[in-house]
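Asker: Turn these sequences into a full structure, and let the hints guide you.
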Amino acid sequence: MAVNQVSFDVRRGEFFSILGPSGAGKTSVLRMLAGFEDPDEGDVLIDGQSMLGVPPNRRPVNLVFQSYALFPHLTVFENVAFGLKMRRVPTPHIEEQVRQALTMVKLLGKEARLPAQLSGGEQQRVALARALVNKPAVVLLDEPLAALDQQLRQEMQVELKSIQEQAGLTCVCVTHHQEEAMMMSDRIAVMHQGRMWQIGPPRELYERPCNLFVSRFLGVSNELPGRVTGNLGEESLFQPADGEQPPLLVRSIPGEQRGRSATLSLRPEQLRMARERLPTSAQVLPGRIEKVLFAGSETKYLVRVGHDRLWEVRMTSGAHVLPFAPEEPVFLHWSLSDGRLFFE
Amino acid sequence: MGLFFLVPLGLVFAISFASRGTYGGIVWEFTPANYLDLLHPLYGKILGQSMWYATVTTAICFVLGFPLAYVIARSPVRWQPVFLLLVMLPFWTNFLVRTYAWMILLRHDGLVNRFVMALGLVDAPLELLYTPTAVVIGLVYGYLPFMVLPLYVAVERLDPLLVEAAWDLYASRWAVFTRVILPLTKPGIVGGCILVFIPSIGSFITPDLLGGARSMMIGNLIQHEYLVVRDWPLGSAVSFVLMAVVMAAVVLYYRSASRTDGPLEGR
Numbered sequence: 000m001a002v003n004q005v006s007f008d009v010r011r012g013e014f015f016s017i018l019g020p021s022g023a024g025k026t027s028v029l030r031m032l033a034g035f036e037d038p039d040e041g042d043v044l045i046d047g048q049s050m051l052g053v054p055p056n057r058r059p060v061n062l063v064f065q066s067y068a069l070f071p072h073l074t075v076f077e078n079v080a081f082g083l084k085m086r087r088v089p090t091p092h093i094e095e096q097v098r099q100a101l102t103m104v105k106l107l108g109k110e111a112r113l114p115a116q117l118s119g120g121e122q123q124r125v126a127l128a129r130a131l132v133n134k135p136a137v138v139l140l141d142e143p144l145a146a147l148d149q150q151l152r153q154e155m156q157v158e159l160k161s162i163q164e165q166a167g168l169t170c171v172c173v174t175h176h177q178e179e180a181m182m183m184s185d186r187i188a189v190m191h192q193g194r195m196w197q198i199g200p201p202r203e204l205y206e207r208p209c210n211l212f213v214s215r216f217l218g219v220s221n222e223l224p225g226r227v228t229g230n231l232g233e234e235s236l237f238q239p240a241d242g243e244q245p246p247l248l249v250r251s252i253p254g255e256q257r258g259r260s261a262t263l264s265l266r267p268e269q270l271r272m273a274r275e276r277l278p279t280s281a282q283v284l285p286g287r288i289e290k291v292l293f294a295g296s297e298t299k300y301l302v303r304v305g306h307d308r309l310w311e312v313r314m315t316s317g318a319h320v321l322p323f324a325p326e327e328p329v330f331l332h333w334s335l336s337d338g339r340l341f342f343e
Numbered sequence: 000m001g002l003f004f005l006v007p008l009g010l011v012f013a014i015s016f017a018s019r020g021t022y023g024g025i026v027w028e029f030t031p032a033n034y035l036d037l038l039h040p041l042y043g044k045i046l047g048q049s050m051w052y053a054t055v056t057t058a059i060c061f062v063l064g065f066p067l068a069y070v071i072a073r074s075p076v077r078w079q080p081v082f083l084l085l086v087m088l089p090f091w092t093n094f095l096v097r098t099y100a101w102m103i104l105l106r107h108d109g110l111v112n113r114f115v116m117a118l119g120l121v122d123a124p125l126e127l128l129y130t131p132t133a134v135v136i137g138l139v140y141g142y143l144p145f146m147v148l149p150l151y152v153a154v155e156r157l158d159p160l161l162v163e164a165a166w167d168l169y170a171s172r173w174a175v176f177t178r179v180i181l182p183l184t185k186p187g188i189v190g191g192c193i194l195v196f197i198p199s200i201g202s203f204i205t206p207d208l209l210g211g212a213r214s215m216m217i218g219n220l221i222q223h224e225y226l227v228v229r230d231w232p233l234g235s236a237v238s239f240v241l242m243a244v245v246m247a248a249v250v251l252y253y254r255s256a257s258r259t260d261g262p263l264e265g266r
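Chains as they are written, first to last, in numbering that gives the first Met the number 0: chain C, 0 to 343; chain L, 0 to 266.
Just so you know, the hints here were simulated from the structure itself, not pulled from any lab data. Be aware that one or more of the hints could be misleading.
[To be verified] Here are the computed lysine-lysine pairs in the DSBU-like style, where the Cα-Cα straight-line distance is at most 35 Å:
hint	chain 1	residue 1	chain 2	residue 2
1	L	Lys185	C	Lys109
2	C	Lys109	C	Lys134
3	C	Lys105	C	Lys160
4	C	Lys299	C	Lys105
5	C	Lys105	C	Lys134
6	L	Lys44	C	Lys134
7	L	Lys185	C	Lys105
8	C	Lys134	C	Lys160
9	C	Lys109	C	Lys160
[Said to hold, decoys possible] Among chain C residues calculated to face chain L with C-beta under 10 Å, some are:
hint	residue
10	Pro54
11	Arg129
12	Arg274
Remember, it's a predicted structure, so these values are computed and weren't measured experimentally. Glycine is no exception: its CB is placed at the ideal position from the N, C-alpha and C atoms.
Answerer: Pasting the structure below:
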């Protein structure tokens, strides 16, 4: 199955990410763009030209492999020069363009090294330089930072993004790392089970996910199943399935929704936790603190809501005078505009 | 271990400087005459012919063996041991028997001739047996597995992604082969070529049975001197010359193969 009816456009100069769990079909899409696989149906257009049946060596795209796939018998210079050499660029031009690319990835002075003599981060840079030196129409990135450790990964995220902007590269990046995709991308396509569920800027996807999968995949989704029981015009009544709760107020969605099952979803940072029920808010749920996870700049609280729901709440450390303790009863509040309903 | 190798070797070396007695014995008088005898153009011709056979055999084995090794190394892991077993299967039968089998195949009314005539490709039977072609066929057949096995190991170790990377970087299929696959499988190629070249140059059964009287290789010469002429000193001298040639070839080959040849010249 791999990929099914996937369709998307990438704009010139855009950093476009395909985000999804492993086995979602992301890599197949990338391989189709690179020319290693052909779609059974449909087409791949680059600058308006069909790429069907065009082999990888004739496509104006270059792939940065997850494992880098640097040629072990060639030096850094020769690795980066490979594509230019293959296109028979005159030697003086090769020299100059390789030097430019190596300057961009901050590897000048290491031209004569072999890949085995470089650190993981440096190898990553060579892989990047080897692709962008060819000035391809699209740079394809396959989990570009997955092989790096956490610290290096965060540094490279910033650097990769700035190289992309500086060189005006059009990038299609495949990743399963949602934070990485959100920080680097202009737009993201969320992929799951061979389909693209939603395409849009990171903020839009995070704040207005089209379904529960997208919501869960792009961060923490605190959920409460229930049913819409009444329509009050601008607002609707949402009765949690857990019958002990009074109905909650949610934003009405156009169309008659009364009687339909739905799931309410809230982001951790949309929740405010208090020891008392605030009289001004109708969007409130009682809970009990299950776990306190101190993570430096912020503290994560896992709060038991209803019978068996664990919700995550994040609060900036120091924002509250007296920290909450485990087993403490609390009330979770949110504003009307933040709660999102997903219908089944 | 070295004892079993060095003592006979020293013995042969010593004999090569002795001379032949009237009835085929060894007369222990130091003389370089045997080596001087070998300067005769006839011996040079035999040596040259042997090197030519060995070189052609090695080249054909490489051309046939590389695709075979590549296909095996890239086939499903489950099937690889089966294919390798098939490559080695002929070794379960005696080499002599297999060479006789080729005689039956190649002779005047052999299977090969009957087949091409039945197809109407030729009118008269081809002269196959007792030709240099038959010798090369026999040698290639006999030593192909020695080429395939080291090549298989080398290709198996080659990361397929490197091939994709080169292809993605505008390399044609030929350029992928010469710039990436070939340099990265070089140790296997060197190993395979040496393993084929050495037994080929010294072989004597194959040229004896398939080549007839006309194609004498250096192995036949040695056998002839020892067992027919009973001139052990001359036979020993020929053996040493052969060994020197083989070692020179191996050293040359290693040198040329291990030279750091940057495929991207002109830097």
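Asker: Of all the hints given earlier, name the ones this structure violates by number, lowest first.
Answerer: Numbers 4, 6, 12, in rising order.
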